[in-house]
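With the hints as constraints, model all of the structure from the sequences given.
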Amino acid sequence: MPAAPSARALALVGGVNVFIGILLVVQMWLLTASLESFLADHDEASLPGAVVSGVLFVGCLLLTRFIDRASRRGGL
Amino acid sequence: MSRSHPSLPLWKEDVSFRAADERFVMRRQFGRAMALTSLGMFLGNLWILGRTWTRRLAPRNPSAVVVAGVSELAIGQVKVFAYPTQDDPCLLIRLSATSWVAYSQKCTHLSCAVVYESETGRLACPCHHGYFSAATGEVLQGPPPRRLPRVHIEPRGFELVAVGMEDDRA
Numbered sequence: 001m002p003a004a005p006s007a008r009a010l011a012l013v014g015g016v017n018v019f020i021g022i023l024l025v026v027q028m029w030l031l032t033a034s035l036e037s038f039l040a041d042h043d044e045a046s047l048p049g050a051v052v053s054g055v056l057f058v059g060c061l062l063l064t065r066f067i068d069r070a071s072r073r074g075g076l
Numbered sequence: 001m002s003r004s005h006p007s008l009p010l011w012k013e014d015v016s017f018r019a020a021d022e023r024f025v026m027r028r029q030f031g032r033a034m035a036l037t038s039l040g041m042f043l044g045n046l047w048i049l050g051r052t053w054t055r056r057l058a059p060r061n062p063s064a065v066v067v068a069g070v071s072e073l074a075i076g077q078v079k080v081f082a083y084p085t086q087d088d089p090c091l092l093i094r095l096s097a098t099s100w101v102a103y104s105q106k107c108t109h110l111s112c113a114v115v116y117e118s119e120t121g122r123l124a125c126p127c128h129h130g131y132f133s134a135a136t137g138e139v140l141q142g143p144p145p146r147r148l149p150r151v152h153i154e155p156r157g158f159e160l161v162a163v164g165m166e167d168d169r170a
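Residue numbers (my numbering), protein chains in the order written: chain R, 1 to 76; chain U, 1 to 170.
Think of the hints as simulated: they come from the structure by calculation, not from any bench. Built from N, CA and C at the ideal position, the CB exists for glycine as well. Hints are all accurate, no fakes.
Selected chain R positions facing chain U (in silico; Cβ < 8 Å):
#1 Leu23
#2 Leu39
#3 Gly49
In C-alpha cells:
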C-alpha cells in the first residue's frame with residue numbers, strides 16, 4: 001500500500017493552488033479590463049491582453065502539470 | 001493516462017479511504033479546475049481580440065446616407081438613425097433654425113444609449129449619469145472618458161446627409 005501523502009506534500013499542493021489562484025485573479029482583472037476597453041472602442045489593449053492572458057494560462061497549466069508529475073514520480 | 005499508484009485498482013486511487021489521500025486528490029482536482037477556469041478566461045480574451053479585428057474590417061470611408069429632410073425636425077427635436085452601419089445608432093438634433101448636429105448614440109463610457117434633454121441642451125447617459133454637450137459633444141459630467149463621436153452632416157438641397165464620422169480619439 002503506497003504511503004499516504006505527507007503533510008509537506010499537502011502543503012506544497014496547497015501552496016501551488018494558492019499561486020494558481022493569484023494568477024487567476026490577475027487574469028480575471030485582465031479580462032474585465034480588456035472587455036471594458038473593447039466596449040469603449042479602444043482597440044489597443046486587446047492584443048496585449050490576449051497575450052498576457054495566454055501567458056498566465058500557460059503558467060497555470062505548468063503548475064498543474066508540476067503537481068501531476070511530482071505525484072506520479074512518487075515525490076508527493 | 002499515467003497513474004500515480006499502478007498497484008492500486010483505479011477506483012481506490014480516485015476514491016481514497018485515507019483522509020490524507022482524499023485531501024491530496026481534492027486539492028489536485030481543485031488545481032485542475034482552476035486551470036480550466038484559466039482556459040475559459042483566456043478564450044474570453046481571444047474572443048475580444050477576434051471582435052476587435054472584425055470591427056476593424058468595417059468600411060473606413062462609409063458612403064453618404066440621407067438622414068432626414070431639412071424641414072423634418074422642429075427645433076429641439078431628435079431623430080435616431082444608423083450610421084455608418086446598422087449596428088451604429090446615431091442621434092440627429094436640430095439645435096436652431098439653421099443648425100443640426102449629429103452624434104453617435106453610444107456613450108463613450110460603456111456604450112449605453114444616450115438621450116437628448118432639450119430643456120438642458122445636453123445628452124444624458126442614463127446608465128451612469130454621464131452628460132455631454134449637445135453643441136460640441138464634449139463631456140460635461142460623469143464617468144465618460146471622451147466626447148461623443150460626431151457625425152458630419154451636410155445639407156444637400158432639401159436633405160440632410162451624413163458624410164463621415166469623426167474619430168472619437170481625436
